[in-house]
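A.B. asks: Single-letter residue listing:
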Amino acid sequence: DGGITQSPKYLFRKEGQNVTLSCEQNLNHDAMYWYRQDPGQGLRLIYYSQIVNDFQKGDIAEGYSVSREKKESFPLTVTSAQKNPTAFYLCASTLGTYNEQFFGPGTRLTVL
Amino acid sequence: AQSVSQHNHHVILSEAASLELGCNYSYGGTVNLFWYVQYPGQHLQLLLKYFSGDPLVKGIKGFEAEFIKSKFSFNLRKPSVQWSDTAEYFCAVNGPNFGNEKLTFGTGTRLTIIP
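Chain order of the listed sequences is A and B. Just so we're aligned, residue 1 is where the first sequence starts under my numbering, counting upward by one. Just so we're aligned, residue 1 is where the second sequence starts under my numbering, counting upward by one.
Watch out, some of these pointers could steer you wrong.
Using 20 Å as the maximum straight-line C-alpha spacing, the simulated EDC-like pairs for lysine to aspartate or glutamate come out as follows [said to hold, decoys possible]:
id, chain 1, residue 1, chain 2, residue 2
1, A, Lys57, B, Glu101
2, B, Lys61, B, Glu88
3, B, Lys49, B, Glu64
4, B, Lys71, B, Asp54
5, A, Lys71, B, Glu88
6, B, Lys69, B, Asp54
7, B, Lys58, A, Glu100
8, B, Lys49, A, Glu100
9, B, Lys61, A, Glu100
Listed below are several chain A residues computed to face chain B (Cβ distance under 10 Å; list not exhaustive) [to be verified]:
id, residue
10, Gly3
11, Tyr10
12, Tyr33
13, Gln37
14, Arg44
15, Leu45
16, Gly58
17, Asp59
18, Ala92
19, Gly96
20, Glu100
21, Pro105
Derived by calculation from the structure, the hints in this document are not laboratory data. Quick caveat: nothing in here was measured; it's all calculated off a predicted structure. Note that beta-carbon positions come from the ideal geometry of N, C-alpha and C, so glycine has one too.
Throw the hints in and build the complete structure from the sequences for me.
C.D. replies: Here it is as structure tokens:
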């Protein structure tokens with residue numbers, strides 16, 4: 001069953017801790033993306049990667065880091081430098097520029 | 001930078017009413033336009049997309065959108081809504097002059113359909 005998986009679904013973190021969100025796809029897509037969704041603000045791009053071992057900052061990259069060591073995996077680390085990390089995080093992938101982005105189910109991160 | 005505006009933040013309609021959700025973008029050149037929907041508890045999924053050709057685009061579940069270049073608009077329409085259309089709707093845009101590989105999303109419109 002092809003698709004994008006994100007884990008965990010819910011994540012709680014204490015202030016000052018780093019946390020890593022998982023994103024895996026078995027669609028053989030080249031490009032992968034991380035978005036943050038906040039009520040009333042839509043989706044904002046954090047980081048994206050168009051090819052293995054390469055990634056670019058999006059609009060709100062501060063306080064986040066990523067890696068792309070494998071085509072199917074694009075983990076996102078929320079560091080302690082992120083001032084307001086509580087949000088819903090969505091991962092997406094696409095085959096190419098003129099194709100739609102497919103989204104995962106999301107991870108809801110709450111900082112206590 | 002490219003921006004997308006969705007002026008309707010929350011729309012409440014009765015079943016069988018007609019729907020039009022507004023979407024305006026800021027860039028005057030070539031654009032690709034998308035509408036995504038997020039049903040409660042489900043993944044964000046594509047409703048329809050416009051790249052070129054006929055400006056009236058038909059999507060899934062009876063939705064359609066019209067690209068009006070002179071108005072920088074890509075409004076979403078449905079002639080008769082159902083309770084199952086209750087969801088959040090997002091307009092998005094990309095284009096060759098500001099990063100085809102990235103989508104810029106609007107802030108979303110929450111649609112509530114009353115049975």
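A.B. asks: Could you tell me which of the hints above the structure violates, numbers in ascending order?
C.D. replies: 5 and 11
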